[in-house]
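S.K.: Each chain is listed here by its residues.
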Amino acid sequence: MISIENLSKSYGSKIVLENINLNFEKGKVYGIVGENGAGKTTLFKCIAGLEKHNGAINCEYGKPKDFLGYLQTEPYFFSKITGNEYIQLLCNARNLTNTDLKEKNIFDLPLNEYAVKYSTGMRKKLAFTAILLQENKLFILDEPFNGVDIHSNIIITEIIHKLKEMGKSIIISSHIFSTLNDTCDEIFLLKNGKIIKRVLKEEFSNLESEMKAFTIGNKIEKLNLK
Amino acid sequence: MKDYFILQFKMLNRQLTEWGIEPVIGYILGLFAFIVISIKLFKETQFAEYIYIALALSLVIKLNEVNRNDFLKLCYSRKEYIKIRIFENLIVSIALITFLLFQEKYLSSILLSISVCFFSLIDLKNKSSYTLPTPFYKHPFEFTVGFRSNYFIYFFAYFLTFMSISVDNFNLGIFSLILTLLSCLNYYTNSEDAFYVWVFSLTPKEFISYKLKNIIQYSTILCLPIIISLSLFFYTKIEIIVGFQFLGYLFIFTTMLAKYSVFPEKLNIRFGIVFALTLWLPPLLLLIIPYLYIQSTKKLKEILQ
Chain R
1 MISIENLSKS YGSKIVLENI NLNFEKGKVY GIVGENGAGK TTLFKCIAGL EKHNGAINCE
61 YGKPKDFLGY LQTEPYFFSK ITGNEYIQLL CNARNLTNTD LKEKNIFDLP LNEYAVKYST
121 GMRKKLAFTA ILLQENKLFI LDEPFNGVDI HSNIIITEII HKLKEMGKSI IISSHIFSTL
181 NDTCDEIFLL KNGKIIKRVL KEEFSNLESE MKAFTIGNKI EKLNLK
Chain F
1001 MKDYFILQFK MLNRQLTEWG IEPVIGYILG LFAFIVISIK LFKETQFAEY IYIALALSLV
1061 IKLNEVNRND FLKLCYSRKE YIKIRIFENL IVSIALITFL LFQEKYLSSI LLSISVCFFS
1121 LIDLKNKSSY TLPTPFYKHP FEFTVGFRSN YFIYFFAYFL TFMSISVDNF NLGIFSLILT
1181 LLSCLNYYTN SEDAFYVWVF SLTPKEFISY KLKNIIQYST ILCLPIIISL SLFFYTKIEI
1241 IVGFQFLGYL FIFTTMLAKY SVFPEKLNIR FGIVFALTLW LPPLLLLIIP YLYIQSTKKL
1301 KEILQ
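Read top to bottom, the protein sequences are chains R and F. Our numbering puts the first residue of the first sequence at 1, with every later residue one more than the last. Our numbering puts the first residue of the second sequence at 1001, with every later residue one more than the last.
So that you can see chain R by itself, here it is in the shape it has in the complex:
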């Protein structure tokens, strides 16, 4: 569905992404993991076309942005826009007329209230609902489970399974390994702007232990907690 060839991105002399080569197929869920600052969000922005980059992104359907639902880590909301209006705005942007928002409000959000008054989790659920109603073919979900309550986490996981069944491609970043374990077919490990490892489903448990050992090391001892 979408292939990325030699994607590189720099800010001045600082290289953020280096020679990324990835291939995302229909009906599959991909996880991108890496420490804060590893380049995950920059990679997503490059795929979305929100950041200029070197290298090529080839899509089966044309411009990725026209069929891409991008859930940002911290979705931005205007100060006085209601949940309903936010969804309306995103649907207008794709020339879609959405009716029956009440029925589709599966997270029971107070859609007639201003979105800025929502909690972190509610904002995420609103932004997620909006991109689902856009009828996208590809989804980038940047930390979709962050700040979201456990019930909604279950719903989000089920939605991801459903999207997969429908033949859509989903790319997820998450710092909660169990959520990736439940949803992904493949996980890519991003470190210092490079994909250093590709892990298939059957090797996920090894990856978790490896990451734990590698990430924690003797860092806790260094803190010298008292």
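None of these hints come from the bench; they were simulated from the model. Ideal Cβ positions, reconstructed from N, Cα and C, are used throughout, including at glycine. Please note that the accuracy of each hint is not assured.
[Unchecked claim] With a Cα cut of at most 16 Å, we get these calculated EDC-like pairs of lysine to aspartate or glutamate:
hint, chain 1, residue 1, chain 2, residue 2
1, R, K63, F, E1302
2, R, K52, F, E1302
3, F, K1266, F, D1193
[Stated by the list, open to error] Partial pick of chain F residues on the chain R-facing surface, computed with a CB cut under 7 Å:
hint, residue
4, P1135
5, R1148
6, Y1151
7, F1152
8, Y1154
Knowing the structure of chain R, use the given hints to seat chain F on it.
M.R.: Same frame as chain R, now just chain F:
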């Protein structure tokens, strides 16, 4: 506390630099403009004193923002917090209070100073979940957000229209129309998050047409009560009313184009100068609009690619 104000000063300087103004020049020009406008205002209108009080209080209320104050409360002790709040409220209103004193409005300046300090001690938390309905829900966001933030301007403008008819003053009516159009124009002066442009599946030309359609449709809705009232009571001057309305569309359209011509950066002082020039000589729009249109399509192409 000293560090806090040094940081605020640095942030203000950075903001001025972002607007394209050298801070020192900005402060000198700002002070000069304030004195000139104040002298003129007190000479021209008997309401200047009240305008100053309202202005000072609105600045102080703006500083009384819940999240910001909660952050300050977390950082500082109660005593320090109150000191900071009193100082910052006095800083933002000091020029207005001083000018009131200079104009020998002693009672107003004393009452204003007390009110400003009083507002430092209270929290204006808005716990209401009331959502102001608007007729603009089909195509958010500029007019929905703008109307909810500035609805009082429209009530004031409609009141002025009513007054213009009552006292048979056509110029006042036109002023109310200009006020409404300027308020609509203001919705296009701030750049939105790039996501809200990126999300559109449109070409730059289609995107600009979509925005233009919204401008015409929604600003007409807001201006319609004024246009109809003035046309009925000053029907001999209907061409002037239509002329101002048309110019209003052009100026709002120009501002929208200017915003996207530098997008996602913010509009800077250069636009302010060009805008002032076009206000002085509107035919300049004929040159500026095509230029801004080309620049906007270039910038939008990068995001809507």
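S.K.: Kindly indicate which numbered hints from before are broken by the structure, ordering the numbers from low to high.
M.R.: 4, 6, 7 and 8
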